[in-house]
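Work out the full structure: start from the sequences and follow the hints.
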Amino acid sequence: MKLSRTSFALMATLLAGTALPTFANATVTVLGWPGGSEETALRATVETYNKQASDADKVELLFFNREGFYDKLQADMAAGSSAFDVNLVATYSLGRYAPYMEPVDLGAGAAKVFGESVLKTMQFDGKQYGVPTDLSLHFMYYRKDLIDALIGDDAAKKTYGEIAQKYLGKPLQPKDPDSWTWDDWAATALYFTKQVNPDSPVRYGTVLQMKNLLFNMMVFQSLPRSYGGDWMDKDGNVMVDSDAYRTGLELYKKLYDAGSSPKDSLSYEYAETNAAFASGQAATALQWNAAAADLTSTEKSPAVAEMTGIVAPPTGPDGRADHIHGLGLGLNKNAKNKEGAVKFLKWLATEDAALLYARSGGSPALSPDVVAKVAKERPDLVKLGEFASKYGYVMIGATSASALPVYELQAKEFTGYWSGQQSLEDALAHTKAGMQDLLQK
Amino acid sequence: MNHLPDAGSRLGVRRVWRIDMALVTRAEGRMYLTPLVGFLLLFLGFPAIVNLIYSVSTVTFETLRSPVLSGFANYVAVLNDREFWSSAWFSLRFGILTASAECLIGLFLAIFLAPLLSKRPVLMAPLMLPLMVAPAMVGLMYRLVLHEFAGPVPYYLFEWFGDSPAFLDINNAFRTLVVVETLQWTPFAFLLFYMAYSAIPLDVREASSLDGASPFEIVRWIDLPLMKPTLVIAFFIRFIDGFRVFDNVYALTGSGAGGSTTSLSIYIYQAFFKEGAIGKAVAASVVLFLASFIVLHGLNRLAGRRKR
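Those protein sequence lines, which keep their order, are chains L and G. In terms of our numbering, the first sequence is numbered consecutively and its last residue is 681. In terms of our numbering, the second sequence is numbered consecutively and its last residue is 441.
These aren't lab readings, by the way, just hints derived from the structure by calculation. Beta carbons are placed, not taken as given, at the ideal position from N, Cα and C, and that holds for glycine. Honestly, I wouldn't trust all of these hints.
Pairwise CB distance ranges (calculated) [as the list claims (entries may be wrong)]:
{"no.": "1", "chain 1": "G", "residue 1": "Arg434", "chain 2": "L", "residue 2": "Ser321", "range": "41 to 47 Å"}
{"no.": "2", "chain 1": "L", "residue 1": "Asp483", "chain 2": "G", "residue 2": "Ala267", "range": "45 to 51 Å"}
{"no.": "3", "chain 1": "G", "residue 1": "Leu237", "chain 2": "L", "residue 2": "Gly660", "range": "30 to 36 Å"}
{"no.": "4", "chain 1": "L", "residue 1": "Gly660", "chain 2": "G", "residue 2": "Leu435", "range": "39 to 45 Å"}
If you want it as structure tokens, here you go:
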């Protein structure tokens with residue numbers, strides 16, 4: 241009887257414990273971008289902030305999956321959620337979330353740390369809605385050892401030329417990656433494909449991110465962009481069925497069908513691409529700049545770290561193009577602790593915080609004076625600033641409230657073409673009709 | 134055929150009920166029921182009414198509190214949408230295949246392992262472990278396990294055979310998803326079948342054995358008929374779970390290349406969040422609810438008729 245009473249009491253305590261709300265120590269809740277170098281950097285930065293902050297201003301981090309992140313955020317914010325005080329925003333979704341957020345004054349120092357043009361990636365209707373934490377664009381990662389060996393070997397050059405002629409219809413010769421056209425890149429990828437060239441030292445020539453996911457369309461679209469492609473012309477007409485998009489889509493399919501990219505590429509996104517390149521079995525990869533810290537780290541990518549080269553995406557008839565957008569943190573209109581949240585955001589915009597964030601693996605776009613202080617540890621950040629200013633672009637319509645649904649639509653239709661479920665004509669016709677509906681309504 | 138004990142016990146129940154009714158007045162009974170009715174109205178009735186209104190309205194995230202009635206256009210859009218029907222077909226195939234595989238393997242394991250488990254019941258714990266893992270986690274786990282450069286399965290296939298299939302490409306994604314679902318949920322069917330199998334009195338089996346029945350005949354003519362209600366229930370529970378699948382499919386392949394692994398739940402999710410077509414998404418869920426209700430009601434009636 242005694243035992244059952246004790247058990248009963250324990251059970252009741254357990255049930256009461258689960259039913260009661262938990263008491264958190266932190267009073268500023270920050271919803272960050274999960275799963276990448278951004279999360280690692282934010283965790284490290286917040287740890288330092290919490291050491292100096294008063295109990296009332298301490299920050300607690302909240303992360304959920306990248307999959308459907310913006311959908312969940314939209315539902316939460318539309319419902320007036322106060323579950324977080326500070327939330328993630330991106331350049332391409334700022335217009336969608338600004339109605340649920342409050343502008344924040346970061347002070348004059350912020351411009352010195354980031355520069356006016358970078359601060360603008362977090363502005364909507366002329367108001368500052370967040371601290372720009374990361375600038376995202378793409379790097380062409382390649383294996384220096386493989387390319388050097390190819391360029392220095394006459395027999396290999398001959399095979400390269402034959403492969404280029406057979407698959408691309410052009411007699412190409414190996415080149416330095418910094419002067420690649422998209423055809424040069426494709427020929428290199430084909431040359432390093434075991435299925436095409438059994439003598440290739442690696443299994444795949446490249447890693448294509450082809451999962452039905454909106455972010456993969458951002459990686460892809462620099463290819464049609466360098467051929468003059470855009471979402472709309474200056475008069476607002478959707479022009480996704482252009483030759484530029486055709487060329488880009490066909491080149492991706494040609495490489496995938498030839499076995500130049502892993503067989504499961506149709507389920508690949510950021511993490512899978514990193515794993516594939518880091519394994520040492522791929523010669524090139526067009527990947528987000530955020531991956532640079534991992535792919536050049538001897539600890540994280542021992543097989544390739546010292547042989548990984550980084551250049552801007554290849555060039556096309558219209559020059560080089562590199563998709564660009566900013567991620568940042570802003571203030572939720574329904575925040576419970578606005579005062580603490582603003583304190584944290586202002587601190588995050590200081591030089592010390594930005595440098596700490598950079599040293600912890602984040603990718604802030606910093607002004608030349610500031611970036612010079614981390615250039616030794618993070619040479620990729622210097623490239624980031626350089627590529628963004630030289631090749632950065634935003635498609636017409638890609639900052640509208642419909643930008644995310646447009647990317648979703650492209651992801652579904654283009655992956656349908658790449659997987660052979662529909663023709664190129666159908667994919668482009670469906671995309672055009674959908675984009676007209678989304679962008680012109 | 135002696136009906137007397139049944140009739141007697143039924144009479145007994147009625148008598149107790151009458152005594153209870155004398156102790157509890159009708160008004161008091163209603164009062165006791167109020168919290169339950171209130172709970173149901175609040176947590177099931179209110180969302181249902183809101184959903185019905187949204188399904189005949191033009192509504193967006195910005196106008197959630199002020200939808201504009203627009204007739205049955207959302208229902209027409211759903212029924213004319215090719216993707217709705219392809220996702221319904223995906224869900225139906227997925228539900229039937231996974232439920233069948235789980236029940237067949239679960240039944241085999243329950244009968245095959247019964248002698249061992251009756252002596253070592255502790256072995257039940259590891260067999261139940263897959264049920265403890267959240268389906269989304271299972272999806273993520275297989276994303277890693279099947280990855281060509283990070284996963285153990287392709288690694289050993291390359292080691293042994295020099296090649297590995299593309300588990301998640303357009304040709305194999307459906308099969309992979311079925312296997313993943315079956316591996317996780319077979320223990321559920323197994324648990325139900327093992328309990329039903331253990332509940333069959335041993336003397337029935339002994340009697341049939343004495344009459345000369347072979348082990349196969351005992352399973353065919355004694356065990357399976359006695360386990361039939363559990364078999365049916367397990368199949369339908371697993372079918373319903375498979376039909377409404379979301380988590381592990383979404384984590385593993387998303388909606389698939391060109392939408393090839395879009396289940397009905399994913400279709401509704403995408404219409405709601407990705408397209409912002411709230412009315413269309415809710416209309417699809419109402420259509421799904423009506424179809425499920427008709428099927429379940431039909432099955433219920435069928436089961437009732439058989440009992441009689």
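Comparing the hints with the structure gives:
Our hint of 41 to 47 Å for Arg434 of chain G and Ser321 of chain L holds, since their Cβ atoms are close to 44 Å apart. Restraint check, Asp483 of chain L to Ala267 of chain G: a C-beta distance of roughly 47 Å satisfies the suggested window 45 to 51 Å. Restraint check, Leu237 of chain G to Gly660 of chain L: a C-beta distance of roughly 33 Å satisfies the suggested window 30 to 36 Å. Taken as a hint, the range 39 to 45 Å holds for the pair Gly660 of chain L and Leu435 of chain G, whose Cβ atoms sit roughly 43 Å apart.
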